[in-house]
Each structure stands twice: as structure tokens, then as C-alpha cells.
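Engineer: So the sequence lines, in the order shown, correspond to chains A and B. When the first sequence is numbered by the numbering used here, its final residue is 283 and no position is left out of the sequence of numbers. When the second sequence is numbered by the numbering used here, its final residue is 356 and no position is left out of the sequence of numbers.
Just to be clear, a hint being listed does not mean it is correct.
Counterexamples of contact, computed for chain A against chain B with all Cβ distances above 12 Å [as the list claims (entries may be wrong)]:
1) Leu10
2) Leu16
3) Ile29
4) Pro50
5) Trp55
6) Ile94
7) Ile104
8) Met118
9) Gln166
10) Leu176
11) Ser178
12) Ile181
13) Leu221
14) Pro262
15) Thr279
Derived list of chain B stretches under chain A, where covered just means 3 residues or more per stretch with a C-beta under 8 Å from a C-beta of chain A [said to hold, decoys possible]:
16) 97-104
17) 166-177
Since the hints were derived computationally from the structure, they do not count as laboratory data. For glycine and all other residues, C-beta sits at the position ideal for the given N, C-alpha and C.
In case you want the letters, here they are:
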Amino acid sequence: MVERRPLTSLLTHFVLVLGVIAIALPIWITFVAATHDQFRMNQVPLPLWPGTHLWDNLNQTLFGAGLSGTEGAPVWLMLLNSLAMAMMISLGKIAISLLSAFAIVYFRFPFRMTCFWMIFITLMLPVEVRILPTFEVVANLGMLNSYWGLSIPLIASATATFMFRQVFLTVPDEMLESARIDGAGPMRFFFDILLPLSRTNIAALFVILFIFGWNQYLWPLLITTDTSMTTIVMSIKQMLEAAEQSPQWNIIMTTALLAMIPPIFVVISMQKLFVQGLTETDK
Amino acid sequence: MAEIKLTDLTKSYGPTEVLHHVEGEISDGEFIVIVGPSGCGKSTLLRMVAGLETVTSGEIAIAGRRVNELEPSARDIAMVFQNYALYPHMSVRENMAYGLKIRKLSKAEINRRVEEAADILEIRQYLDRKPRQLSGGQRQRVAMGRAIVRDPQVFLFDEPLSNLDAKLRVQMRLEIRKLQQRLGVTSIYVTHDQVEAMTLGDRLMVLNGGYVEQFGTPIELYDRPASVFVAGFIGSPAMNFLPASIEAEALILSTGVQLAAPQVSADLAQNSAVLLGVRPEHLVPDEIGPIVIDVDMVEQLGANTLLHGKLSGSQHEIVASVPGHVAAEPGSKHSFSAAPELLHLFDPKTEKRLET
Numbered sequence: 001m002v003e004r005r006p007l008t009s010l011l012t013h014f015v016l017v018l019g020v021i022a023i024a025l026p027i028w029i030t031f032v033a034a035t036h037d038q039f040r041m042n043q044v045p046l047p048l049w050p051g052t053h054l055w056d057n058l059n060q061t062l063f064g065a066g067l068s069g070t071e072g073a074p075v076w077l078m079l080l081n082s083l084a085m086a087m088m089i090s091l092g093k094i095a096i097s098l099l100s101a102f103a104i105v106y107f108r109f110p111f112r113m114t115c116f117w118m119i120f121i122t123l124m125l126p127v128e129v130r131i132l133p134t135f136e137v138v139a140n141l142g143m144l145n146s147y148w149g150l151s152i153p154l155i156a157s158a159t160a161t162f163m164f165r166q167v168f169l170t171v172p173d174e175m176l177e178s179a180r181i182d183g184a185g186p187m188r189f190f191f192d193i194l195l196p197l198s199r200t201n202i203a204a205l206f207v208i209l210f211i212f213g214w215n216q217y218l219w220p221l222l223i224t225t226d227t228s229m230t231t232i233v234m235s236i237k238q239m240l241e242a243a244e245q246s247p248q249w250n251i252i253m254t255t256a257l258l259a260m261i262p263p264i265f266v267v268i269s270m271q272k273l274f275v276q277g278l279t280e281t282d283k
Numbered sequence: 001m002a003e004i005k006l007t008d009l010t011k012s013y014g015p016t017e018v019l020h021h022v023e024g025e026i027s028d029g030e031f032i033v034i035v036g037p038s039g040c041g042k043s044t045l046l047r048m049v050a051g052l053e054t055v056t057s058g059e060i061a062i063a064g065r066r067v068n069e070l071e072p073s074a075r076d077i078a079m080v081f082q083n084y085a086l087y088p089h090m091s092v093r094e095n096m097a098y099g100l101k102i103r104k105l106s107k108a109e110i111n112r113r114v115e116e117a118a119d120i121l122e123i124r125q126y127l128d129r130k131p132r133q134l135s136g137g138q139r140q141r142v143a144m145g146r147a148i149v150r151d152p153q154v155f156l157f158d159e160p161l162s163n164l165d166a167k168l169r170v171q172m173r174l175e176i177r178k179l180q181q182r183l184g185v186t187s188i189y190v191t192h193d194q195v196e197a198m199t200l201g202d203r204l205m206v207l208n209g210g211y212v213e214q215f216g217t218p219i220e221l222y223d224r225p226a227s228v229f230v231a232g233f234i235g236s237p238a239m240n241f242l243p244a245s246i247e248a249e250a251l252i253l254s255t256g257v258q259l260a261a262p263q264v265s266a267d268l269a270q271n272s273a274v275l276l277g278v279r280p281e282h283l284v285p286d287e288i289g290p291i292v293i294d295v296d297m298v299e300q301l302g303a304n305t306l307l308h309g310k311l312s313g314s315q316h317e318i319v320a321s322v323p324g325h326v327a328a329e330p331g332s333k334h335s336f337s338a339a340p341e342l343l344h345l346f347d348p349k350t351e352k353r354l355e356t
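In isolation and in its complexed conformation, chain B is listed as follows (with noise of 0.2 Å):
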């Protein structure tokens, strides 16, 4: 049973803190993603769990054990990285013995480990050659056979498909995802590709400047955003945001449009400002819709439509995505209506959720 558990994890460089108080439960065979724009410490993260930053305060445990001073080769984690890190000097079978053989295994048991690594990863044919005559989605796959071959407690993956063209990126992600549920190993990957993130994890931790916005299933983290970056990073095109006040049960934007409101819990103080959420894909065209865009530019997608303009009588960027092909033209008016319980609420001070 591999568990990992963050307790107050903190990390700083000199006098700056790089991660903030993370904390966080991760069950065995689960798959965490972490994710986040670039510079947010999502790598710190994973790095430290990997024991290759020290850990500044807080406490890592897997599997009910402190790991916080243990060596990386001594946590039984395996890593994947960006850049692969294959040896280059070594072919593809010596790569992915070579942790094997310092754990002194024998060499029947590297060659039945090794062989059966290859196997899942339909690499056998490429066991004898070097890395650099291997192609990128190749190197990938003997990057996760040297993880693999460990069979090791955790996973960890840091990046790994960022260095593949998009359509291999798209097979590959399938790809572990499918070894991981068939290896049952917890995983945590890193990533700042937000759909990677939603197809691969079990649950996402979202992480901001250092500080974990929101740790939770994909369709949590779609449906109910703990704060504005959440919602405006989970989902594309990204959310609408509106300024928008509550008087008396009621919802009122900047431009004095009414809509009906979402549960509002009772302290809301009346007249007090909220900024709105909306995803583009609730908005619903409706004649007679309370919402009215000026329609600037449209995107055709072919399965669905974009519409970029302005919130009708005010200067608010907003994007509605409509099914199938609409015929609009720059400069037209189109009118939509969004479900009260599809509205998201945040305070535009801390810009966290209000809960609804």
C-alpha cells in the first residue's frame, strides 16, 4: 500500500518561499495530477517528493513512512523526466537495467524484469539499440520501461510528453493511463497542459504562486472552482468572468442586465459585489436571453462555434461556444440565457468561490 502524504510542506530557496503550506492525501494507486502555469513550483513539488530537493519544512510520507531524509534511490519511486535522461552511452536494455544491477538482482531476474517491461511497452525490438537512434515517442516509452522495470511503490512523472508532437502526445497520454490502471502503481504527474490534466487524473491539484488553489476530481474542479484561477484554468476557451452585484436575490451585471441568481448562502450581504463566472459552453443562444453579446470575430471549430465579442453596452470581453456551425457575422448581435445553477459566484477581493 503506497500512500503519500504532504503534511505542511514548505520549500524556500534562501529567504524566498517557492511552496506554501502544501498539504495533501493521496490514496494507493491513485493518479494525482499536479498542475499549473510555468514557475508555479508544481516541479518543486514533485521534485521533493522525489527526494531531489530537500525538503525546507513539513513532512513527506509514503507509504506511512518519512521519507523527508531518505535518498531517492531508498523511497522506491521511479522517475520519468522531460528530457528523458536516458543514458546515452548504454542501450536500451542496459538503460533499463542498470537500477536493477545496482540493487544487485540477479541477472535472470533484470532479464525477466527487463524483458517483461518491453513487452507491455512493445519496445523488444528496440532492447539492443542506443537512444539516439530511437525516435522521441520511442525514448518515452524506454523512459517509462526503466521506471517500470523498478517496480516501484510510486511513480512520478515530471513533463513527460511535452517534448512529442501533439498527435503522439495525445497516444502516449492514453497510454499511461492505461499502465497505470493496469499497474495499480500511485502516481503523481506533473503537467501545465490542463486537458492532460483532466484526462489523466483521478484528482487534480491545482497549484498558483506556490499555494494549492484546489485539490480535486476533474469534474469538481469544472463544476465547482474553488477561486477565479481555477475556473479561468480548468476548461477551454477559459471561463467568462463579469463584475456583476446581488440585490435582493437577484443577480445584476454591470450593465443592469437581471439574471436569475444561484443559491446564494444567507450572509452575502445585499448590494455586495461578486464577479461572475461563466463558461462559454452554458451559454445557451435564446432569443429573448437576458446576455447579449457584439460579436466581434467568430471561430468556426466545425463541431462548435465561437463567438468572441463584447457584453452588449459594456467593455467585458466575453466568448459563447455554440453546437454545430452558426451563421454569424462580425458586428451582429446574438442574445443567451445560462442555467442559475451553472453561474459561479467569487469574491472579486480574494477571488475565492462563494459558496452557493
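Next comes chain A alone, as it looks inside the complex (with noise of 0.2 Å):
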């Protein structure tokens, strides 16, 4: 136990407001830029406190043209791609790796660790380092400017096969041979049995995937061209190059709190399932 004294009560206080304060203070920053119209916030000093705006910017952002002056798409288009891409990330590669592990682990094929080891290698090619090739394929594919193109490469990975071979494991082998018995065929004990029983992981998995696929920056970068499949986390940055005005504050903060939206309300849905999936152990 820790001693508890006055002042060590009192430094790991300070200590702690002082975290709190390094993390809020950005997304607070961002909340009152979000609430002020254009000519304020090219005003020095920067407010800190709300203004009366929020409502006209979030109009405009969402529904507007968003940045005035540009050709952008508006903002609730970009929001839908954001969303369209990290779900099909999300569930593409929870249903693929979900699929593989049950092969590797419950089925005996010829190469089964080949297969294996085969994915597992794939963890040392993210796609920064196959960049080119991958967009070779996909452009070949015709799959530039598509949802497809933006989420395909993304569902190849090893980390969720690996985890839910993982968690298939611990999974004790009487349940198969009790499912035998009562004549569940593989499919069947996949979906009555296995799938139940990681749930917690599922949800765990899926938070982490939504959220790395929200974050998607590079990759969204290179193959939409096309303005309508801009996503929100690329336009932010666009917007900040944008044109030959100084940079509008408000439409752009107020874009960067809709992009936090989404992934908070996941995790905050998700937050029990979340922890149970990454503390839970026993079957």
C-alpha cells in the first residue's frame, strides 16, 4: 500500500490535473474554435471561451460547401465515406480472420502451418511498406475512387487471425467434441458455440479496427482522386492547404470535433465489452 500523506496526496493531484489539463486542453481549444464565426478566430488573442457560433459552423460544415471558396465535398459525404471504410475494415477483417483461425486451429489440411506461418509473415508488411504494389493491384482492379479500393488492402492482416487463434485455443476441446456429440457439423459449432464465446473479443477487436480504420490517412490520400470519396480525416489536412486565404478556423475545428464523434461513441458503446475482451481469460 501507499503511504497516504498530505503531500504526496496533494503532488499526485497536481500530477494528475496536470495530465488532464495536456489532454483536455487541445480538444477544448478545438470546441471553442468550433463556436466562433471566421473573423474572431483570426483575431489575436485566440479566445478561450465559447462563443455563439456553433450552430452556423456546424450548418456549414455539414451541409454547406463546406470551406467556403473551395470545391470540396461537403462534410456529412465525408463523414458517410470515414464510416463506410472503417466499417468494412472493421467487419471485413473480423469476418476474414474470424474464418481463417477457425480453419487453422479446428481443421487438419496439408500446409495447415504453412497457411499459418503464411499470414503471420504478412504482420511484417503493413501497408506503408507495400504501398506501391498494392496500388498497382488496386488500380489495375479498378478499384481507385471506390470503397473497395479504400478498404480491401486495409482487411489483409494477421493481428486478428493471430488474436482469434489465440483466443480459439483456450477454448477447451470438450466443447467441440460435447457439439459433435449433439451433431453440430463445423459450421454450426462455428456459429452456435465459437462465435458466442468471443464475443468479448469481437467487440474488443472491432473498436481497435474501427478506429484504425477511421485514422486511415495515406492510404485514403492515394487512391481517391475523386472529391466524392474524400474522407474526413484527409480533408482535414486538406483543408488547412486550402487556397490562398488564411486557413478558417472554425469550419476547420468544427470538422475536426466531427471526426472525433464516431470513434468516442464506439469506444464509449463498446467500453464494457471492450475491457472484458482484453482482461477476460477463462472460458
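Two chains, two frames, some hints: make the complex.
Structural biologist: Below you can see the structure in the form of C-alpha cells.
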């Protein structure tokens, strides 16, 4: 036990408060900037308290042309694009990883371990390393400027397969034997027993993958040229460089605020399962 | 009619043979216990009957039908596992109904069977709970319920009581026996506990190192053990073994003491060495008895007293079990005699019983 003394107590609180400020201040400034109009944001000193233009800014960002004077897509479309990409990546990854882990753990087929190691080796080859060949492949398949192009190359990954393999290995053999005696075939066993048993792990993985997909920057930047396929994360950067005029901080910050909401929503709504999935070991 | 026939059954993992030419016929409604030390192949044998392990050679037939190649679900069996193997995410009701649902029975029929089984096992009030909300004994009942609802031709039990505490084990043992008698389903039960085996089984199959040592009723195994292994395995405390020889119709212990010999087959050569087996409870205190024990430890069990010691004049360990309380000091000598018909003779080389 740590000793309880007023001084240490004060010190720990001081450090904690400092930490909270360091994390919360940028978000607060983002929020404040999203509540003022363009002119106030270009005056020094910058405001520290919320203004009155939040709804105007939201309206202009979401449904207007966004940044005035550019040809950018409206932000609601970007949100939709990001959402589609993040969902396709996380659901696709989970589906494929579940099935491949199922095959590797529960079926005896030739070159089973070879398959496993081949999947495993791709851990060393993230998108950034194989970006040129991957682009080539995607371009040849005609998937540029499409949701498929945005998500499929990112779906291939070993982490999730590896994780589900470990999860399945913790399921007692008797569970499978019991299901066999009950007359459950492989797919029935998969859907009725394995899936419910790995429910928390799937949720944890979904949270991680959703944020991973949502935050993709480099890959969408490369393969989308059509503004209607822009994702919100890349658009924030583009807004900064937009046009010759000074940055419209109110709009940019509103966009940033909007970009934060879906990941936060996913984390909060799946928090309980997420923690269970990472800590629970017994089946 | 669900009789089981095992014909020349062998199991190998790669080049290692773990079960050797197992033969056995189990008649309809019989309760068979396969017993043996860990690693003797008893679970493997059960799992082969269940269809969870492949058969290397030989044949398993259930109700006259060869089942070697059949999936477990097609063999019309039900199995109770040591760790119960209940599906943790399903309620007790769903656990019991799962197999029936797959077999596409009607909802009403499933409900009827589940509730009937729940009544038999007195778990009706737990039907909507999850397995983790139940105690070990209750889970055990659910596991049996899952077997009962299938209404199978054969029950298979794989050490189902070894995760329970001693008191509950005794209680569940009786319940399993009563249940099996009531349902009249052919059952195979695997255990390493010889008391469990003796109390449950109509007949016992004693396995050792992948060989069937003996297959018979508990009393046959107790009265006429076929080998040194069975003799030592069945009965508690274990049988005493003393080297001896046969000379002119008499049995001479290594210390030179002469005992009245049991009936020995004629072809047993004179002067041949034998291994004498005598159960501790068959040593009767007798002032002038030939078997003298130098007692070095006394265990008071209440109903009887165990005298541990050495056969006087030798280094052979010997135990006597005497009814009631006996005042015995370590270091004292006690004399015993044993009825000739309660002596067992074994060949010291093959360790097989010498027919008497």
C-alpha cells in the first residue's frame, strides 16, 4: 500500500490534473474554435471561451460547401465515406480473421502450419511498406476511387487472425467434442458455440479496428482523386492548405470535432465489452 | 437392445500402440466400469466408443451395427465429460435442448423432454440459469440431463465425479447408479477410483498399460483376481504379496513358515516359487497363527484397525486389518492365520493367477 500523506496526495493530484489539462486543452481549444465565426478566429489573442456560432458553423460545415471558396465535398459525405471505410475494414477483417483462425485451429489440412506462418509473416508488411505494389494491384483491378479500393487492401492483416487463433485455443476441446456428440457440424459449431464464446474479443477487436480504419490517412490520400470519395481525416489536412486565403479555423475545427465523434461513440458504447475482451481469459 | 461388442480393438498413435487387442461384450442395460491407473488407456477406449478417437484396428458394434466409421452424433450415444463441457453462453435449458434442436425435434417435444429430465434430476428451478451460476454438483446434474434428454442407446461417462468434493461424490455416485437402473440404458463409466468402480459397476474392466487385465463382476475381481495387478488394484488397503514356494502340498513362506496351501492344480511343479497374495482383512488374529507381524505402525480407523509392519524374520511389508479397536504398540508382535481358500497364488514371472 502507498502511504497516505497530505504532501504525496497533493503531488499525485497535481500530476493528474496536469495530465488531464495536457490532454483536454487541445480538445477544449478545438471546441472553442468551433463556436466562433471566421473573423474572431483570425484575431489575436485567440478566444478561450465558447462563442455563439456553433450551430452556424455546424450547419455550414455539414451541409454547406464546407470551406468557402473550395470545391470540396460536403463534410457529411466525408463522414459517410469514413464511416463506410471504417466499417468495411473492421467488419471485413473480423469476418475473414474469424474464418481463417477457425480453419487453422479446427481443421487438419495439408500445409496448415504453412498457411498460418504465411498469414503471420504479413504482420511484417503493413500497408506503408507494400504501398506501391498494393496501389498497382488496386489500380489494375479498377478499384481506385471506390469503397472497395479504400477498404480491401487494409482488410488483409494477420493481427486479428492471430488473436482469434489464440482465443480459439483457449476453448476447451470438450466443447467441440460435446458439440460433435450433439450433432453439430463445423459451421454450426462455429456459429452456435465459437462466435458467442468470442463475443467480447470480437467487440474489443471491433473497437481497435474501427479506430484504425477511421484514422487511415496515407492510403485514402493515395487512391482517391475524386472529391466525392474524400474521407474526413484527409480532408482536415487539405483544408489547412486550401486556397490562398488564411485558414478558416472555425470550419476546420468543427470538422475536426465531427471527426472525433464516431470513434468516441464506438469506444463509449463498447467500453464494457472492450475491457472484458482484453482481460477475460477463462472460457 | 443396445449391446456393445468390442472385437480385437487396437489403438495406435503413430508407432506407439496404446490399446492392445481389447475384447469385450456388454449386454443391454449393463453398467460397465472401466478402471485403471492414469495413462492405462481407459479414456481412450471410451472415446473410441464415443467416436471421438479413430479406431486403428478391430471393430466396435453398438446394437449389432458396426460404428467404427460413424460420426459421434450418428452412434446414438450420450457422453458426460469430466469438466462437464457445458456451453457457457447458453442457459441450462438451452444446453439440454441443443442436441435436440439440431435433430430438428418439435418445440413441444424438446420442452417435454427437457422438463422431464429436469424433474428426474431435480434441477427444474435452475433451467433458466447460466452454467457459471451453478455449483459443481448442479453442473454435473445438467451434464447428465443433457445426456438423458437425448434418450440414447448408450451412456458414456468420462470420470464425471472427479471434480466434485468427496461427500458430493459419494452422493452423486448413488444417484448415477439409481438413474441408470431406472432408465435401463447401457452405460460405460471410466474412473481411476476403485471404490467408485466397485460400487457402480455390474462388471468391471480393469485396464493396465493398454491391456485388459480382467473383465468381471466386482466380486469376481475381489475373490479371484486374475493377476497381481488386479489383486493389488481392487480392495483397500491393498493386498499383501509375499514370496513363497510350494512343497509337497504345503506353502512355505520365505521365512520358512509353513501354511496350509490352497488347492493347487496338479501341473504346478513341486518346489516352484509362487507369489502369495492375502488381503489385510483376511488375516485373522490367532494366538498360535503362523503369520507373525512385527508391528511398526498402527492406524485406528474406528470400525477397524490397520496394523502395518514387517513379516517377522523378513523385510516384507505386510498390513493386517482387524475389526474393532486393537491395543497394539509399535514394536509388538502379533500373530495371524488365514483360511487357505482366501489365499491367492500368482506366478511370480507372468504375474498371472495360478488356478486353484
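Engineer: All the hints need checking, so say for each whether the structure fits it.
Structural biologist: Consistency of the hints with the structure:
Annotated as non-interface, A/Leu10 keeps its C-beta farther than 12 Å from every C-beta of chain B; the closest such distance is 44 Å. Interface exclusion of A/Leu16 from chain B stands, the closest Cβ pair being 37 Å apart, more than 12 Å. At the 12 Å boundary, the C-beta of A/Ile29 stays outside the reach of chain B, the nearest C-beta of that chain being 46 Å off. Look at A/Pro50: its CB is around 47 Å from the nearest CB on chain B, clear of 12 Å, so calling it non-interface holds up.
For A/Trp55, the non-interface assignment is confirmed: its Cβ lies about 46 Å from the closest Cβ of chain B, beyond the 12 Å cut-off. Against chain B, the non-interface label of A/Ile94 holds: every CB pair exceeds 12 Å, the least being about 18 Å. Every C-beta of chain B lies more than 12 Å from that of A/Ile104, the closest at about 21 Å, which supports listing it as non-interface. Every Cβ of chain B is farther than 12 Å from the Cβ of A/Met118; the closest lies at roughly 27 Å, confirming the non-interface assignment.
With 12 Å as the threshold on Cβ separation, the claim that A/Gln166 sits away from chain B holds: the shortest Cβ distance comes to roughly 18 Å. Here A/Leu176 does not stay apart from chain B, with its beta-carbon only about 9 Å from theirs, under the 12 Å limit. Listed as outside the interface, A/Ser178 is inconsistent with that label: its C-beta sits roughly 4 Å from the nearest C-beta of chain B, within the 12 Å cut-off. The beta carbon of A/Ile181 is not kept farther than 12 Å from every beta carbon of chain B, the shortest such distance being approximately 5 Å.
Against the 12 Å criterion, A/Leu221 stays outside the reach of chain B, whose nearest CB is about 42 Å from its own CB. For A/Pro262, the non-interface assignment is confirmed: its Cβ lies about 29 Å from the closest Cβ of chain B, beyond the 12 Å cut-off. Interface exclusion of A/Thr279 from chain B stands, the closest Cβ pair being 16 Å apart, more than 12 Å. Proximity of the stretch 97-104 of chain B to chain A, defined as three or more residues with a beta carbon under 8 Å from a beta carbon of that chain, is established by the 4 residues found.
Using a Cβ-Cβ cut-off of 8 Å, 0 residues of the stretch 166-177 of chain B lie near chain A, which falls short of the minimum of three, so the contact claim is violated.
In terms of the numbered hints stated before, the structure departs from hints 10, 11, 12 and 17, listed from lowest to highest.
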